[in-house]
Structures are given as structure tokens and as C-alpha cells.
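Engineer: Sequence:
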Amino acid sequence: MIQLVQIYKSFGKQVVLNGIDLEIPTGGITVIMGRSGEGKSVLLKTIIGLIKPDQGEVLVDKVDTTKLSSFDKNEVTKKFGMLFQGAALFDSMNVFDNVAFPLREHTKMPEKEINDRVTEILAQVGLKNIEHKIPSELSGGMRKRVGLARALILEPKIMLYDEPTTGLDPILSDSIDELIVETQKRLNITSVVVSHDIQGAFKVADRIAMLHEGKILEQGEPEKFRQSKHPFVQQFLEGKADKNYIG
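Here the sequence shown is numbered in this note's numbering, starting from 36 and rising by one per residue.
Keep in mind that a hint or two might mislead.
[To be verified] Straight-line distance between alpha carbons at most 25 Å, and here's what the computed DSS-like set of lysine-lysine pairs gives:
| hint | residue 1 | residue 2 |
| --- | --- | --- |
| 1 | Lys238 | Lys113 |
| 2 | Lys113 | Lys143 |
| 3 | Lys97 | Lys108 |
| 4 | Lys80 | Lys238 |
| 5 | Lys238 | Lys220 |
| 6 | Lys250 | Lys275 |
| 7 | Lys102 | Lys250 |
| 8 | Lys113 | Lys97 |
| 9 | Lys80 | Lys192 |
| 10 | Lys238 | Lys250 |
Hints listed in this document are in silico derivations from the structure and should not be mistaken for laboratory results.
Make a model of the complete structure from these sequences and hints.
Structural biologist: If you want it as C-alpha cells, here you go:
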């Protein structure tokens, strides 16, 4: 579904992505792991086209999106849904209007159908009778679920999750992990999750890739990843501090 070929991205003198090669198969869940500040979110935004790489190819369904016109790139972007770290809800809108927003922006669906679709998608993510609440009235876990409902409302082929469990307690984190797995199975979509949560990664992943110092060190099925001989991968999995690293 997605292939990154020799992706480079710098911001000023800071090199963030330094020759990324990564294949994300159609279907299933691929987790991209790495320490905070390693560029996982930059990589995710490069995949969806929010950030243009300095060099390299981003292939989506075998089409290099870096060479497309703005119109054609927008057509490809419609294949994606994305759950941002903080859910990125509109504070001035209630839950219903937040979730309905993509339908009103990108379709001519009648309001009756929008109402039915919003109610249906909220039920799918485990939320009912909260349509009139505003984001500030919701818990962190509920905001994540509303953000997911909004991302799924246009029925994307590819779903991207940017640190979906950051800031949540272990129980809520586990419920979001369960929701990611359920969503993938129910919709049979390609999912990409960026995270530094080891326990959650092994719970949801069909494949895991490790991003470190701008490169992919290791990628493969969870058991292969767990048995990696790379010293940094083992250090990360064991949670051991690097005396030369100050986070």
C-alpha cells in the first residue's frame, strides 16, 4: 500500500529523516517505534503529504505522491484518515459538528444522512449520546475516540495514528489499542501507528519498524523484531537508559 524510498528531510541544519526505506503492506497494522523526538510524527506527516520530503519517493498504491499536482495529491489524500496526538478537535464545535465536519466539507450529503452517519460512527467507537458535548467536557480517552470517529467518517483506505495513547493511563491506553485492532479488522484497512509504547505496539502490530537517528534500523513481524540483534533495538525493548543520551 505504501512504500518510502530514500526519504530525506531536514529543518535547517537538523536532519530528521536520513534515507528512510520502509514498506507498509496492504491491510494489517504497522507500528513505527522510536524515542521521543526521533521524527516519527514527521515521518507520518510525510506519508500523508502534509510535509514534503527534501528527497525520495512516497509511493501510495504505486503512485509517487511527491510528483503530483496539488489537485491529484488531494485526491490521494482522501484515501487517508489521521488521528493526531491531541485528537485536534475544534474547541468551538460540539462533538456532532466535529465528526460531521469532513462530510460537510468534502461531500454534498444531505443533513439527514449526515446525522445518521455521525450517529453510526460514534457508536462504532463506543460513544453514544454525547453529540452535544464540547471537547472541553470530554475525558482524554473520549476525545481520542471522537477524533477517530472524525477520521473514519469518510471511510479511508489508510488510517494513520500519531501517538494515540500518549497522555492516557494504562487502562485507557489499552482500550484505545483494542479500538485500533477492532477498527482494522472491521474495516479491513491499512493502519500505521507511531508510538514509543512497547506494550501497546506488541498488542496491535502485524509489523514493527524502529526509527533511530533518521533511519529504519529494523522492521518485520513482532517476533522477529523482538529477537533483533541490533543493540539499540534491544536497549529500547529493555528500557535501558543510554548514559550519553539526555532526553
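Engineer: Please go over all the hints and tell whether each is borne out by the structure.
Structural biologist: Hint check results:
no., hint, verdict
1, Lys238 / Lys113, "violated, 28 Å"
2, Lys113 / Lys143, "holds, 15 Å"
3, Lys97 / Lys108, "holds, 13 Å"
4, Lys80 / Lys238, "holds, 24 Å"
5, Lys238 / Lys220, "holds, 14 Å"
6, Lys250 / Lys275, "holds, 20 Å"
7, Lys102 / Lys250, "holds, 23 Å"
8, Lys113 / Lys97, "holds, 16 Å"
9, Lys80 / Lys192, "holds, 16 Å"
10, Lys238 / Lys250, "holds, 24 Å"
Comparing the model with each numbered hint stated earlier shows that hint 1 is the single one that does not hold.
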